[in-house]
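J.: One-letter residues, chain by chain:
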Amino acid sequence: MNVWNWVSLGGAAVTALVIVAAIRRRACAGASGRRFFRHPAAAPGLFVLAFFAAVALAAPFVAPYKPYEQIDIDHLQNQSPTTRNILGTDPYSRDVWSRLAYGARISLGIGALAMLVAVTIGAALGAAAGYFRRWVDSALMRLVDVGLALPRIFALLVVVALWDHIAVPVLVVVIGLTGWFATSRLVRAEVLSLREREFIAAARALGAGPGRVIARHVLPNAAAPIIVSAALGIGNVMLLEAGLSFLGMGVPSPAPSWGNMIADGWPKMAVAPWSATFPGLAISLVVMALNAVGDALRDALDPRKEAV
Amino acid sequence: MVVWVVRRVAASIAIVWAVVTLTFILIHAARGSPFLPESSQSVDPETIARIKNQFGLDRPLWVQYGLYLRNLASGNLGQSFALRRPVADALADAIPHTFVLALAALLIDFAVGLALGVYQAVRERSVGDIVLGNVALFVNSMPTFWLGLALLLVLAQWLHWFPAGGPNDPVLCPRLDSFPCLLDFFWHLTLPALTLGLVGAAGTARFERAAMLEVIRQDYVRTARAKGLRERRVLLVHALRNALLPFITLVGLAFPFLLTGAVLVETVYAWPGMGQLAVKAILQRDYYVVTGAAIVTSSMVVLGNLIADLLYAVADPRIRVRGA
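Chains as they are written, first to last, in my numbering: chain L, 1 to 308; chain W, 1 to 324.
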């Protein structure tokens, strides 16, 4: 780590603070925004997320080495943390901190994008099932029953086996495709009650087709549970990605993801615990932040459930 | 009630069948074959073709599927290629290991989770509540296998309190045939069960705290206090009884969690259960072990949901199942 890395890292932290402060200022103008920040873990959670996002974006500046760079394969394996390698080096003589910073791009990116895929599919199919009912509903919900009956990691392992080396975008889609079941059930329940309301009948009476009614009138009113389940789901996806990579079926090495960093460091756990410990800590911190923000969002968006 | 149960059981069987079909198609479509991974360099294609013919793997997929279903109907789960033994035997060896692990984890999960949740609810907003709440949130956010690695490193590698893996000592206790060996088995069980149980307990505590807080504010709890009952009895008998109701959902949800978590934890601790068997089988394209594992796993999930629904109906007289 040279001076510029430290300065950039400080910059990332300050940026994160500024972003959280800005969000807070704007949010506190509204009642639900105030409710969100009344949750004690909301602001720290947002800060952790903003900080890791900033580190991911600024990876080339905060990381002293390239993520694949083997600094000195003869003398610098499993080096314990020093001022030069603040989180030590891994068994392949790569800087753990640099990989962690670049790995944030992959791990956070997979979490967010796979959840986006899952939520989009879940919301669309859940809305269709709830709105059209009859055979659409029963067909889709039986599909959901089947999808929920197999543990997700098992299903993912079987699907990932379709490829020799899975590319990251494919992995994102695959994780998304196995993650929409619970969301669609949630959305369906919401839509079932919404569709009987007068404003939906009014929209239909004005001649709006089903697509327009669902997209413009039904889904915006079902947004709250969708957003909450998405926030909580990202953490789940990150844990899944870590598990898959740990089994060697996720992000292919040498690309750094926090999951396969744990997998790389694991065999040398006894002599160099840092190379598996820090990525695990990073995952735990981010998932914890996501859970906290998800809880706060639930309190904020659902006034019926006042915070206890 | 009987009609409802029959309908639910029929639906459950249909779900398991669909899962099996899906798994069957996917694993057969996977890259590679059961005989390629280790033998690709040395064996000529003709021999592989002959072996495939011997196992019927060269037939069209739908023929294989039909044969598989017919065998299934007569209780035959097929033959494992990699283990060179019937799938049913391999599963029968693995299931008890996973079951014991899940049971032990569930015990830790509910005991620790309930105690913490009730304590936190009673001492709401105290320092203890806030600290425990954050610790629970953190533990609940950890990758299970990473917690397993950490415990393994500290408690087994550094402190030597627990063995590093496996279900028993291979030299002293190859079989569970004496009391010391039974103790040895539980000694080996502690770390994997603790790993799974603690992550679950963290979630249970969060859940139970919220449920307890909701109940504690109700009028009947105040009435119980007004009657002069001791606080202990009010909390543990009157309040907890109703705060346990949403808990039943957790039992149903815990099944898939334990099975999923077990896949990774079993790998970390070399625990020869379903999870490890399934992962190895998928990697080796051991088709019938994979589909067999899918049958067992999905049956357990479906059964868990069914039991949770039934428990609900029994525990809460307000819930009367439809069609009763």
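Read the hints as simulated data drawn from the structure, not as lab findings. By construction, the Cβ of each residue, glycine as well, lies at the ideal position given by its N, Cα and C atoms. Please note: incorrect hints may appear among the correct ones.
Anything over 10 Å on all C-beta distances counts as not near chain L; from chain W, calculated [what the hints assert, rightly or not]:
#, residue
1, Ala-11
2, Ile-48
3, Pro-96
4, Phe-99
5, Phe-138
6, Asn-140
7, Pro-143
8, Trp-146
9, Cys-173
10, Phe-185
11, Arg-225
12, Glu-231
13, Val-237
14, Val-290
The calculated lysine-lysine pairs, modelled on DSBU-like cross-linking and capped at a C-alpha distance of 35 Å, are [said to hold, decoys possible]:
#, chain 1, residue 1, chain 2, residue 2
15, L, Lys-268, L, Lys-66
16, W, Lys-52, L, Lys-66
17, W, Lys-52, W, Lys-227
18, L, Lys-268, W, Lys-52
J.: Are the hints correct? Go through all of them and say.
T.: Evaluated hints:
For W/Ala-11, the non-interface assignment is contradicted: its Cβ lies about 7 Å from the closest Cβ of chain L, within the 10 Å cut-off. Against chain L, the non-interface label of W/Ile-48 holds: every CB pair exceeds 10 Å, the least being about 18 Å. The claim that W/Pro-96 lies off the interface holds: its Cβ sits roughly 19 Å from the closest Cβ of chain L, which is beyond the 10 Å cut-off. Taking the minimum C-beta to C-beta distance to chain L, about 15 Å, the non-interface status of W/Phe-99 holds against the 10 Å cut.
In this structure W/Phe-138 is not separated from chain L by more than 10 Å, as the shortest Cβ-Cβ distance comes to only about 5 Å. Look at W/Asn-140: its CB is around 7 Å from the nearest CB on chain L, not clear of 10 Å, so calling it non-interface is violated. In this structure W/Pro-143 is not separated from chain L by more than 10 Å, as the shortest Cβ-Cβ distance comes to only about 5 Å. A cut-off of 10 Å between C-beta atoms contradicts the statement that W/Trp-146 is not in contact with chain L; the least separation is 4 Å.
For W/Cys-173, the requirement that its beta carbon stay farther than 10 Å from each beta carbon of chain L is met, with the minimum near 25 Å. A cut-off of 10 Å between C-beta atoms confirms that W/Phe-185 is not in contact with chain L; the least separation is 25 Å. Taking the minimum C-beta to C-beta distance to chain L, about 20 Å, the non-interface status of W/Arg-225 holds against the 10 Å cut. Distance check for W/Glu-231 against chain L: the nearest CB is about 20 Å away, which clears 10 Å, and the non-interface claim stands.
Non-interface status of W/Val-237 relative to chain L is upheld: no Cβ of that chain comes within 10 Å, the nearest being about 22 Å off. With 10 Å as the threshold on Cβ separation, the claim that W/Val-290 sits away from chain L is violated: the shortest Cβ distance comes to roughly 7 Å. Of the pairs offered as hints, the one joining L/Lys-268 and L/Lys-66 holds, with about 22 Å between alpha carbons and a cut-off of 35 Å not exceeded. For the proposed pair W/Lys-52 and L/Lys-66, the alpha carbon gap of about 47 Å is over 35 Å, so the pair is violated.
A threshold of 35 Å between alpha carbons decides the hint, and for W/Lys-52 with W/Lys-227 the separation of about 77 Å lies outside it, so the pair is violated. Restraint check for L/Lys-268 and W/Lys-52: the C-alpha separation of about 40 Å exceeds 35 Å, so the hint is violated.
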